[in-house]
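Model the placement of chain F on the given structure of chain X, informed by the hints.
Chains X and F, in that order, give the protein sequences.
Going by this note's numbering, the first sequence opens with residue 335, and the numbers climb by one from there.
Going by this note's numbering, the second sequence opens with residue 2, and the numbers climb by one from there.
Hints were generated in silico from the structure; no laboratory data involved.
Check before you lean on any hint, since a few could be wrong.
With the Cβ distance kept under 7 Å, some of the chain F side facing chain X (calculated, not the full set) [stated by the list, open to error]:
#1 Arg-108
#2 Leu-176
#3 Arg-179
#4 Tyr-184
#5 Arg-267
#6 Ile-500
#7 Pro-504
#8 Gly-701
#9 Gly-702
By construction, the Cβ of each residue, glycine as well, lies at the ideal position given by its N, Cα and C atoms.
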Amino acid sequence: MFKDVLRAMDFTLLSQIALVLFFLVFVAVVIRTLLRPRQEMDRQASIPLSDAPVEPRGPEAQSHE
Amino acid sequence: MSQAAIPTDPPPQADASASHLDSFSYDDAICRMFMSAMFIWGLVAFLVGMILAIQLPFPYIPGTDIPTNFNLEWFTFGRLRPLHTNAAIFAFAGNAIFAGVYYSTQRLCKTRMWSDLFSRLHFWGWQLVIVAAAVTLPAGITQSKEYAELEWPVDLLIAVVWLGFFGVNFLMTLLNRRERHMYVALWFYIATIVTVTVLHVFNNLVIPVFGPGLVKSYPVYAGVQDAFMQWWYGHNAVAFFLTTPFLGMMYYFLPKAAERPVFSYRLSIVHFWSLVFIYIWAGPHHLQYTALPDWAASLGMVFSLMLWMPSWGGMINFLLTLRGAWQKVASDPILKFFVVAITFYGMATFEGPMLSIKSVNALSHYTDWTIAHVHAGALGWNGFLAFGMMYFLLPRLFQAKLFSPKLANLHFWLATVGILLYIIPIYVAGITQGLMWRAMTETGQLAYPDFVETVIAIKPMWMLRILGGGCYMAGALIGGVNLYKTWAARPKTYDVPVIQAAPLSKLEGVPEAKPEPTIDGVADIAKTLNVWATGWWHRKWERLPIRFTVWVVIAVVVASLFEIIPTFLIRSNVPQIESVKPYTALELYGRDIYVAEGCYNCHSQMIRPILAEVERYGEYSKPGEFIYDRPFQWGSRRIGPDLARVGLTRPQAFWHAEHFEEPDRIVPGSIMPPYPWLFDKEIDWRSLEKRMRAINLLHGGEAYTEEQLTNAEAHAREQAERIAAQIETDGGRGGLSEKQVVALIAYLQRMGTDLNAPPEAPAEEPALDDATASLHTTPAEGGE
Chain X
335 MFKDVLRAMD FTLLSQIALV LFFLVFVAVV IRTLLRPRQE MDRQASIPLS DAPVEPRGPE
395 AQSHE
Chain F
2 MSQAAIPTDP PPQADASASH LDSFSYDDAI CRMFMSAMFI WGLVAFLVGM ILAIQLPFPY
62 IPGTDIPTNF NLEWFTFGRL RPLHTNAAIF AFAGNAIFAG VYYSTQRLCK TRMWSDLFSR
122 LHFWGWQLVI VAAAVTLPAG ITQSKEYAEL EWPVDLLIAV VWLGFFGVNF LMTLLNRRER
182 HMYVALWFYI ATIVTVTVLH VFNNLVIPVF GPGLVKSYPV YAGVQDAFMQ WWYGHNAVAF
242 FLTTPFLGMM YYFLPKAAER PVFSYRLSIV HFWSLVFIYI WAGPHHLQYT ALPDWAASLG
302 MVFSLMLWMP SWGGMINFLL TLRGAWQKVA SDPILKFFVV AITFYGMATF EGPMLSIKSV
362 NALSHYTDWT IAHVHAGALG WNGFLAFGMM YFLLPRLFQA KLFSPKLANL HFWLATVGIL
422 LYIIPIYVAG ITQGLMWRAM TETGQLAYPD FVETVIAIKP MWMLRILGGG CYMAGALIGG
482 VNLYKTWAAR PKTYDVPVIQ AAPLSKLEGV PEAKPEPTID GVADIAKTLN VWATGWWHRK
542 WERLPIRFTV WVVIAVVVAS LFEIIPTFLI RSNVPQIESV KPYTALELYG RDIYVAEGCY
602 NCHSQMIRPI LAEVERYGEY SKPGEFIYDR PFQWGSRRIG PDLARVGLTR PQAFWHAEHF
662 EEPDRIVPGS IMPPYPWLFD KEIDWRSLEK RMRAINLLHG GEAYTEEQLT NAEAHAREQA
722 ERIAAQIETD GGRGGLSEKQ VVALIAYLQR MGTDLNAPPE APAEEPALDD ATASLHTTPA
782 EGGE
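Okay, chain X solo, but in the shape it has when bound (with noise of 0.2 Å):
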């Protein structure tokens, strides 16, 4: 019973329906990134440069209302 209920699906469509999916998401992180503040990037672009915590530490520190 199960088998047949397999059997008689058609999983071709799963593999569109989670491009779709997989494109719409790789697009909305696209879109976050580049919308995401400068000094923010900037920070934590700087972080491997210290061996030691640079205060302040963290976004909540910055202004991004």
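Below, chain F alone, put in the same frame as chain X:
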């Protein structure tokens, strides 16, 4: 020793304003351990590679009749090649990853690793895995899946060490971090840990066979599905073991060495997400024109081509990070290594998608082109990043000035020339062989019908490769001098700087709260979008490594399932062929010898539907032919000819027996090594039933009858005696009926014959006198 001579990072800046300060130091000892292991195992990987490179063009020591495998089974190409690949990937690159991850993670999280004990368990556990590989692979204990050859006990150990020690230690460190934002390198590390876990577990699902002295298993997947799983794994092992962790390391060590932040942090985020989203889909491009369903192979190709964008985006981001610092590249060996590594990353990630294009793949697949491609990646990208990182870390970890920048420069140039001397001849060899295989005369005949012609043609290229590999290895040895001398100049006790900082939880500041919209007088949806665009939700989300990890898992698993489920469930993917039957006891045992000897390293079992291949090897392979093949043996390289239909083209047992004894005598010019031990080692008759029961279990009890199982030994002895008698009658050696060579020949005689096997004889007509029919014993026939 003068501290001024040692590169130091900016002095720790204590947080004076916070009321509760933690004191902590970084665990650099574990980085020293992993870096030393990286170097030692790297040399082992290069040495085994050199031995293989010599064995191919020189099957015998020139001027003598001494084979270069010295008639030793554990020194033969088929068994050593997996040792080389495993040593290069998991021992050399693996230890490089751990050295880099442990060094950078602590500094990016501004905290010590969560558990020193787990770090040590990880280190010693991983070295134990490597030693186990070095023992079992030459011993012929293998699952035969490329880069997943290690048998189930070692696989269990890997799972414990990778996830239990490394994964837990890493994630707990993230939880205890003192830096709010997780730098993008850490994202790459998270993706590595979770994806490699998923890949490792699902590609190694096996049923073990227990018996005295037996370390053996059969995969739960068979044929097409096994191939699909293997190359989903194999491709993503390259993606998530040799690419993402190294990208994470490059995003950390390149800014450190260049003393400037990465060119575009935005681009690095897009680089990460696009790789995670796309890479996992690309695996089937390893199986173009095989019996894999065409839709899956096409999907793999499309996603591979999409990888061009993020890969080159990343490469450009790295190169632009050096803007204004190129004068340093000329003088600093670390940056030199990094620039060449980035260049090879760009080249290899351009070439990979190109090779996935079907028409290119039709030429390149099974040739040395692939070998050149992977060595450009492994030696150029992984090797140069690892050695560049080593030169960055040496003075910092050993707290002594680098012994000789001049020697480091010499290492750089020798290695660069070495890579070029390796890959250029091997590209030529690959394209030459691919063109010779497909060349047809005007009358529609193969232009080079003798496979061995196409081997002899590329031998000079293989000889040049030895020179290239030698240069690369000589460079590494010079690196070893630098490593040793710098280590020797270390202080008696290492200085361990103590850093003071408040933990994140005690920092003043509010949790990420949803901000109010900054616009008014607009529709609610606009206000919602306005709030969403501030990215507050993502910052909140980013602070939670667990949730971040879960999203990476979802991206990877969902993509995998969408690709895997249809392959397993669409019935038309593997059409059943009525005449394809399970292997007999002796054939199954022979097949296990084929697997153990690593025959798949040189011989494919997959005739693609291409005119020249059908002309050369026979009718193209059908998916339904492989349903009893556990594991699949399609192979990825034709150093020797395809064997998918060898049962039809070479049915004589005598030919095979003579050929195994001295291949060059039967096929002049052959580079196959002799296999004398097959004539000495005896068949383990008692294990036959256990092997068949494992297979039967996987086929729901429908592969063999109870009678076939309980009388496995008797049936096998009967078939073995018949083959041994054929060999003796034709003028070959006598008394082989107990020897392994007979079992292997039984398997070879069976290969590819089922497709056009005669229909089953009616029950009342005993077909027992017919040797062919009895080879195709079926449950219906009762195997009598």
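**Item:** Hint check, F/Tyr-184 versus chain X [nearest Cβ-Cβ separation less than 7 Å]
**Value:** holds (4 Å)
**Prompt:** Per the CB criterion, is F/Ile-500 less than 7 Å away from chain X?
**Reply:** OK, holds: F/Ile-500 within 7 Å of chain X, min 5 Å.
**Message:** Hint F/Arg-267 vs chain X: min CB-CB distance below 7 Å?
**Reply:** With Cβ-Cβ at 5 Å, under 7 Å, it holds.
**Request:** Let me know if the C-beta of F/Pro-504 comes in closer than 7 Å to any C-beta of chain X, holds or violated.
**Result:** violated (10 Å)
**Message:** Take the shortest C-beta to C-beta distance between F/Arg-179 and chain X; is it under 7 Å?
**Reply:** holds (5 Å)
**Message:** Please check whether F/Gly-702 passes as an interface residue: C-beta within 7 Å of a C-beta belonging to chain X.
**Reply:** violated (17 Å)
**Asked** Given F/Arg-108 as an interface hint, is the shortest Cβ-Cβ distance to chain X below 7 Å?
**Response** At about 5 Å, which falls below the 7 Å cut-off, the nearest Cβ of chain X leaves the hint on F/Arg-108 intact, so it holds.
**Item:** Status of the hint placing F/Gly-701 at chain X (closest C-beta pair under 7 Å)
**Value:** violated (12 Å)
**Request:** Classify the hint on F/Leu-176 as holds or violated, based on whether any CB of chain X lies nearer than 7 Å to its CB.
**Result:** violated (15 Å)
Hints 2, 7, 8 and 9 from the list above are not met by this structure, while the remaining hints are.
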